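Use the sequences and the hints to build the structure in full.
Given next are the chains, with one letter for each unit.
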Amino acid sequence: MRRLASTRLTLLGMAWLAVSAGLSYDDPAATSVWMLTSPMLFLALNLLAAIITQPGINRRPGLLVFHIGLFGICVLAAVGRLTFFEARFELGQGMPFSTEMLADVRQGPWHRGALEQVNFTQGFYTVDYAPGLTRGSTRSQVLLPQANGSVREQIVGDDKPLLLEGYRFYTSFNKGFAPVLTWTPETGEPVTGTLNMPSYPMFEYKQDSEWTPPGSKPIKFWLRLDTGYTKEQSWVLDGRKAKGVLVVNNGERRVELAPGESVDLPGGKLRYEQLSTWIGYKIFYDPTLYGLFISAITAVLGLAHHYWRKFASQPLLATPERREQALIGNRTVKA
Amino acid sequence: MMMVAEMPWLWAGLLAYAGAMAMAFRGVWRVSNGGVAVANSLSYERWVLLAIVTGVVLLAMALGVRWERLGHGPFVNLFELLMSQLFSLGLVYSIIYWRVPVLRPSAVVVMPLIWLLGSWILMLEPADSRLPPTYFNNWLWAHVSLGKIFLSFCLVAAGLAGVMLLRTVPRFAGLLKQMPDEVLDQMAWRFMMLALVFDSLMLVAGAVWAQDAWGRYWSWDALETSAFLTWLSIGAGIHARLSYKIPSRIGALAILAIFGLAFMTYFGTPYFSEAAHKGVI
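Chains A and B are the protein sequences, given in the same order. Residue 1 is where the first sequence starts when you use this note's numbering, and the numbers rise one by one after that. Residue 1 is where the second sequence starts when you use this note's numbering, and the numbers rise one by one after that.
Just so you know, these hints were derived from the structure itself, not from any lab. Note that the structure is predicted; figures quoted are calculated from it, not measured. Any given hint could turn out to be false.
[To be verified] Derived lysine to aspartate or glutamate pairs resembling EDC-like cross-links, with alpha carbons at most 16 Å apart:
1. LYS282/A - ASP128/A
2. LYS269/A - GLU256/A
3. LYS160/A - ASP212/B
4. LYS282/A - ASP212/B
In structure tokens:
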């Protein structure tokens, strides 16, 4: 145990962690999860051994608390890397969240969550813009079904995430418009869905997309928007106030549709129901968050307490009188 | 260079810092020439303190004028970061200079280090900035304030380490001569210990802010990686010093290296990273 508490091993662990941190720079997900967790667990063992065997640590309350806090950070940070979950998704207005829409999923090998039980529906959103297209606050309405059958409304956005089942849902800067379309084939049932256009206003002049109806030729869409956007003045992006004309082109005809209008195309009828919106979210899950915070604060408080006592027993030559005494004393010695 | 309202205040503040630096050197020069009474050495220190405080007040005016003009604090571009650091380093150092008189000769190292930032900011355009939505968060204030205290303590430690090394030059051999290397070494590391406390608090506050603002508390971006390596190097330095007998001048070099790393974290990272923090968009 004493060997495990060696200060040489501590320095070795620190150097190992520094190298791992350097290798994880910019994209820790691109490296093995053990890259960072191994030195953390190694340091946790070293800390534990030192706490148990070193009187220099376990007989000094501040230092003891500091090392316990550090031990907690090492263990929890390692567990966090093994159990984390991250993903992105886009959600249209009126649509319920589903795990099928997730993209860029990254997770630790020990992740066990209840994401399937998350249930909410996207409402409207607004985004403030300052002159010069500088993005301000985002407010996104989410609708949460309650046990009694009612629906609770919540506004999230920027630094106010939606917290469900331990998962944190953050709005992203990615958002745009989505025409709601109904395709009625010549034979068969009508199908309604949304067509997510590129992010707005980032791609203001590239609001186009393509869709191929079952058994038919591809259709190109272009959305001509009127959102009240002006570059020179403050502006609020609000899908409820926006209007959009949908230009439909199947290679043979070009038709402009207002909401509620439809066009007959080879193989079926396409109806532009209404203009809707979509917004991007980022999911973050780490069960160690609060524990890490408490451990970190505990460690810092312990360290501060230790130094407070240490410095109080050995004060600096603080007062001018003592300074003068020191100078005069020095000269006297020299003389 | 673009002329904006805060520039005259900035120039005046830098001039006051330059005056403090010149007086600090003159005072040390006279003392090290020998035959100078204690009263003289203390009187030059008063003028140095006055010049630093004047610089701090003038820089506070510069920051206030810019804040009023742009409607937000100095948190975004390099010009603002340098200006606010010039203010905070001067403020913390003036308090230490006032309250711990025995450390005053360190001004011959500390003021040139502060002036490194001063000469740098003179080469930058005072470009206007806009506050990203992720910056409207109270944890940002805690993170930035704690970081400034951390860097200030690092600076004082670097100043004392610099004195230890400077004393190897004959002209400065008498600098702080009433304090042997061992005592200076102890004091310098004491400031590094304080720096470690505030660095730790800065990282905790930054992690909470990042979790709120960008949905992750740590993502190993350029600034976070560099800040973590700085924290680790301070911890390793303190740990090594407690565990082994390290010569004070080697310790001084280690402190200067750590200060260099902290300096790079603050002011170098923007040069090899698209944005200081990954989420700043």
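Checked hints:
{"no.": "1", "hint": "LYS282/A - ASP128/A", "result": "20 Å, violated"}
{"no.": "2", "hint": "LYS269/A - GLU256/A", "result": "14 Å, holds"}
{"no.": "3", "hint": "LYS160/A - ASP212/B", "result": "7 Å, holds"}
{"no.": "4", "hint": "LYS282/A - ASP212/B", "result": "12 Å, holds"}
Checked against the numbered hints above, the structure breaks only hint 1 and satisfies the rest.
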